[in-house]
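Residue numbers (my numbering), protein chains in the order written: chain A, 1 to 170; chain D, 1 to 158.
Calculated from the structure, these hints are not laboratory results. None of these values were measured; they are calculated from a predicted model. Keep in mind that a hint or two might mislead.
Reference excerpt, derived from the structure (chain D facing chain A, CB under 10 Å, subset only) [what the hints assert, rightly or not]:
| hint | residue |
| --- | --- |
| 1 | 21 |
| 2 | 33 |
| 3 | 56 |
| 4 | 60 |
| 5 | 70 |
| 6 | 79 |
| 7 | 88 |
| 8 | 90 |
| 9 | 94 |
| 10 | 96 |
| 11 | 98 |
| 12 | 104 |
| 13 | 152 |
For every residue, glycine included, the Cβ atom is placed at its ideal position computed from N, Cα and C.
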Amino acid sequence: MSELPEEVKAWIGQEKYREEGEFDVERGYIFTSCSSVENGNPIFWDEKVADEITGGCIAPPTMISVWFRPHQWSPGRSEPAVPLQTHFDLKKALDLPEAVMTDNTIVFYEPVRVGDRLHTYQVIRSISAPKTTKLGTGRFWELDVEYENQNGEKVATESYTGFGYKREKK
Amino acid sequence: MTAQLTLDQVKEGQALPELAIDVDVTTVVLGALASRDWRPMHHDKDFAQERNGTRHIFVNTPHNAAYFERYITDWTGPTGRLGHIKFRMKDSVFPGDRMVFRGQVDKVETDAAGCGWVGLTIRLAVGDKTTTECTARVALPSTEGDNPWKRKGEQWRP
Numbered sequence: 001m002s003e004l005p006e007e008v009k010a011w012i013g014q015e016k017y018r019e020e021g022e023f024d025v026e027r028g029y030i031f032t033s034c035s036s037v038e039n040g041n042p043i044f045w046d047e048k049v050a051d052e053i054t055g056g057c058i059a060p061p062t063m064i065s066v067w068f069r070p071h072q073w074s075p076g077r078s079e080p081a082v083p084l085q086t087h088f089d090l091k092k093a094l095d096l097p098e099a100v101m102t103d104n105t106i107v108f109y110e111p112v113r114v115g116d117r118l119h120t121y122q123v124i125r126s127i128s129a130p131k132t133t134k135l136g137t138g139r140f141w142e143l144d145v146e147y148e149n150q151n152g153e154k155v156a157t158e159s160y161t162g163f164g165y166k167r168e169k170k
Numbered sequence: 001m002t003a004q005l006t007l008d009q010v011k012e013g014q015a016l017p018e019l020a021i022d023v024d025v026t027t028v029v030l031g032a033l034a035s036r037d038w039r040p041m042h043h044d045k046d047f048a049q050e051r052n053g054t055r056h057i058f059v060n061t062p063h064n065a066a067y068f069e070r071y072i073t074d075w076t077g078p079t080g081r082l083g084h085i086k087f088r089m090k091d092s093v094f095p096g097d098r099m100v101f102r103g104q105v106d107k108v109e110t111d112a113a114g115c116g117w118v119g120l121t122i123r124l125a126v127g128d129k130t131t132t133e134c135t136a137r138v139a140l141p142s143t144e145g146d147n148p149w150k151r152k153g154e155q156w157r158p
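With the rest of the complex left out, here is chain A:
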């Protein structure tokens, strides 16, 4: 387990999975998200306030990853799609069946507006040597996800630290 496979080493720093969101940014999901944490910020609920403060309706900045999470099923798909595919690629390539996310950093640029169609891509920044935690033995990895709007303006950069692991046999 100590050596990274060459195939996996080659992934580090590569732009992967450039894609367009499956649907436009829409208010229904914004309301659902705000409702889930009882966020009453009027820029998400009141068009008049949104016009005054943010120049129109926007999405909560921390919703950024929501616009790229695929439907569990859609026509023509035989397997459920997964978000953050590089994370799952690493689990599979490194034979680490379980994984959790530990750190999350998001930097916000242009607001995401209702009606936007966003684009994204993923980059693996680093993969650690094997480590043992209370969950099991595996590796930490750092992934960046870049997000842009339909005008090519950066809207956010999201960085994750994941830990892929095998549970200790009892």
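Fit chain D to the known structure of chain A by using the hints.
Chain D in isolation, oriented as in the chain A frame:
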């Protein structure tokens, strides 16, 4: 205009109001669905226990982020604009837990573009245990007529 916090009203070391939330199964599932996260450890207790080795389903990453955003903007009002947020999940939050958010102002500054910023440290605790540590940088109006949401390009340095 809804009430807003301005930079001159904030001091380093100032505490943010505490926020407590009782988590149940619906809280966790609602957050997972709202963030379009269909993975079973956020709605299937058997899966969470058998595959993840956790005691129950648990709050997912984007739901955590949404709670931090709500906590911050409950305090700033709608003209507060998040620049960045970083958090580390040291432990999970499960149904039956009471989440308590506590925050404080670490830094108050104005950048070279004239934008007012506040640096925050926020701790999410369950009982005596800190489950998630968060730092955030949020822009506030420098004066009553200022609005960080109008900043673009070089004027916005998150």
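Cross-check of the supplied hints:
A distance limit of 10 Å between C-beta atoms decides the matter here; for residue 21(D) the minimum to chain A is near 8 Å, and the interface restraint holds. Residue-level restraint check for residue 33(D) holds (minimum Cβ-Cβ distance to chain A is 7 Å; threshold 10 Å). For residue 56(D), the interface hint is violated, the least distance from its beta-carbon to any beta-carbon of chain A being 15 Å, above 10 Å. Among the interface hints, the one on residue 60(D) holds; its C-beta lies about 9 Å from the nearest C-beta in chain A, closer than the 10 Å criterion.
Because the beta carbon of residue 70(D) sits about 4 Å from the nearest beta carbon in chain A, less than 10 Å, this interface hint is met. Using the Cβ-Cβ criterion of 10 Å, the hint placing residue 79(D) at the interface with chain A is satisfied: the shortest such distance is roughly 6 Å. For residue 88(D), the interface hint holds, the least distance from its beta-carbon to any beta-carbon of chain A being 5 Å, beneath 10 Å. For the restraint placing residue 90(D) at the interface with chain A, the shortest Cβ-Cβ distance is roughly 8 Å, inside the 10 Å limit, so the hint holds.
With 10 Å as the threshold, the beta carbon of residue 94(D) stays out of range of chain A, its nearest partner Cβ sitting at about 14 Å, so the hint is violated. For residue 96(D), the interface hint is violated, the least distance from its beta-carbon to any beta-carbon of chain A being 18 Å, above 10 Å. A hinted interface residue such as residue 98(D) counts as satisfied when its beta carbon comes closer than 10 Å to some beta carbon of chain A; here the least separation is about 15 Å, so the hint is violated. Residue-level restraint check for residue 104(D) is violated (minimum Cβ-Cβ distance to chain A is 20 Å; threshold 10 Å).
For residue 152(D), the suggested interface contact is upheld, since its CB lies about 7 Å from the closest CB of chain A, less than 10 Å.
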